[in-house]
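Please take these sequences and the hints and turn them into a complete structure.
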Amino acid sequence: MFDKYIVCEEGFTAREDGGVVEVRMPYYRGLTLSMVEAVDLVLDGKPVPSSRTTFTVHGNTYTFDQLPQVTDDRWEMGERAQLGFTTDEPLAAGEHDVTVVVRLRISYMPVPGGGRDSKRLTLAG
Amino acid sequence: MSIKRGVSLYSFQEEYFLRTLSLEDCIRVAGEIGAKGIEIIPEQSIPGYPKLTDEFVTDWFGWMDKYGTHPVATDLFLDTKRYPNRWLTLEEQVASVHQDIDIAVKLGATIIRAIINTPPEVMAAAAPYAEEKGVRLLLEVHAPFHYEHPWILQHLEVMHRTGSPALGLMPDMGTYVKRFPRVVSERALRDGAKPELVDLIVKTYDDHGDSHALMDIVNYRGGGPVDFGLARQATHYIWSDPKAMLPHMGLIGHIQAKFYEMTEDLTEYSIPYDEIVPVLAAGGFDGYLSSEYEGNRHIQDVYPVDSVEQVRRQHAMFARLLGEEA
Chain W
1 MFDKYIVCEE GFTAREDGGV VEVRMPYYRG LTLSMVEAVD LVLDGKPVPS
51 SRTTFTVHGN TYTFDQLPQV TDDRWEMGER AQLGFTTDEP LAAGEHDVTV
101 VVRLRISYMP VPGGGRDSKR LTLAG
Chain G
1001 MSIKRGVSLY SFQEEYFLRT LSLEDCIRVA GEIGAKGIEI IPEQSIPGYP
1051 KLTDEFVTDW FGWMDKYGTH PVATDLFLDT KRYPNRWLTL EEQVASVHQD
1101 IDIAVKLGAT IIRAIINTPP EVMAAAAPYA EEKGVRLLLE VHAPFHYEHP
1151 WILQHLEVMH RTGSPALGLM PDMGTYVKRF PRVVSERALR DGAKPELVDL
1201 IVKTYDDHGD SHALMDIVNY RGGGPVDFGL ARQATHYIWS DPKAMLPHMG
1251 LIGHIQAKFY EMTEDLTEYS IPYDEIVPVL AAGGFDGYLS SEYEGNRHIQ
1301 DVYPVDSVEQ VRRQHAMFAR LLGEEA
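Top to bottom, those sequences are chains W and G. Going by our numbering, 19 is the number at position 19 of the first sequence; the sequence numbering is gapless. If you want our numbering, it's the position in the second sequence, counting the first as 1, plus 1000.
Bear in mind the hints are in silico, worked out from the structure with no lab data behind them. Because the structure is a prediction, the values reported are computed rather than measured. Quick reminder that beta carbons are idealized off the backbone N, C-alpha and C, glycines included. One thing to keep in mind: the hints can contain errors.
[Said to hold, decoys possible] Chain W stretches covered by chain G per the calculated footprint, using a threshold of three residues with CB under 8 Å from any CB of chain G:
id: 1; segment: 1-15
id: 2; segment: 32-39
id: 3; segment: 48-57
id: 4; segment: 91-102
[Stated by the list, open to error] Calculated Cβ distances over 12 Å to all of chain G for the following chain W residues:
id: 5; residue: Met25
id: 6; residue: Tyr28
id: 7; residue: Val42
id: 8; residue: Thr87
id: 9; residue: Lys119
See below:
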């Protein structure tokens, strides 16, 4: 329902070992993190394994192994979370194709919720 | 007593999500529109839920005073699947509802929307606490459910058996979709649905024909994922005579006034409020028509979303149907 807003156009930055892309949840309320089943990243056509990504909301950073146990913190509606990732090579300057797929476990829905968004982003200087 | 007008802040979700309207802005525009009764989804609008700070509560009542609005209802979600490997126990589910009752009380609301997946036994177990706290737990009657559906019948059995004044119903007007919402079929076309299948789905729905096998027929006609999605929608909306609410009027405490598209001539394209409001009036309903705009997600790919204008139009329609002075 908010798929087109998942990948934020701002906030895409490089780090020494990878980068950060800002992401929003495509849902109309906040969710406890244990119900965020996946925030999968595909960078320039290559899936980044979840073991190489981290998830940060309002300053709290989690691995995707930890997320299923986190029942006392939430991803708020419309909140920009930081999806951190490591890469083998430093990110090249310029544009990159970023796809993010979010999968949410929403109790009243018989099938997983979530959504997918792809954008071409330019690394912030 | 007469029917009152309000708004669920769910209606402004697009603007709130994008932070073009703050929570205070949402309450201000509701007041300006004349939707004085405020319904809030705490999990949507209150960062840090389930904790409510004293500062938030002070701001909340301050906004109500400032904009001439008043708290009416909150919504609860029951996250039975909170843990990945197990379902919440009955005790945990009841505790979750109790927590939401406490939040409603702090916000000054006396009505709680209990989401459709709330089990009847949880409603029964939570009723005494709701009674003690002076709030009503109203089960939303949401499409595709209706008053003869076994799930709703189980709830009705609990309501009648316990006779608890804290339990009741909150009909969602998405159960009175007479015409297929065109914002939905037009979106499907933009997303690549086959026009002949869209026609078939919309016509089947609008004729109130047999929609049960639509997914199969779409399959036989070579439909793709977008066509399947639309066919599923056609089985998720329902139409029945709004008079179906009359026998249950004693239990009905609040109305989710769902809408998809208010046209420029101030009518809802698919939901006949001119048939619904007289039924509520005839039944002696004196609660709130609480706007629930849900069209944003169907138009945001090509049009700017203006939820405030959509809610304003719905309230102009309500004022007319309720015979309020212009």
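Hint-by-hint comparison with the structure:
Judged by the Cβ-Cβ criterion of 8 Å, the segment 1-15 of chain W is covered by chain G as claimed, because 4 of its residues qualify and three suffice. Coverage of the segment 32-39 of chain W by chain G holds. Counting CB-CB distances below 8 Å, 4 residues qualify, and the rule asks for three or more. For the segment 48-57 of chain W, the stated coverage by chain G is violated: 0 residues have a C-beta nearer than 8 Å to a C-beta of that chain, whereas at least 3 were required. Check on the segment 91-102 of chain W: 0 of its residues sit with their Cβ under 8 Å from a Cβ of chain G, so the three-residue criterion for coverage is violated.
Not every CB of chain G is more than 12 Å from the CB of Met25 of chain W (nearest about 9 Å), against its label as outside the interface. Non-interface status of Tyr28 of chain W relative to chain G is broken: a Cβ of that chain comes within 12 Å, the nearest being about 5 Å off. Once the 12 Å rule is applied to beta carbons, Val42 of chain W is consistent with being away from chain G; the minimum gap is 19 Å. A cut-off of 12 Å between C-beta atoms confirms that Thr87 of chain W is not in contact with chain G; the least separation is 28 Å.
Lys119 of chain W, annotated as away from the interface, keeps every beta carbon of chain G farther than 12 Å; the closest lies near 14 Å.
The structure does not agree with the numbered hints 3, 4, 5 and 6 stated previously, though it agrees with the rest.
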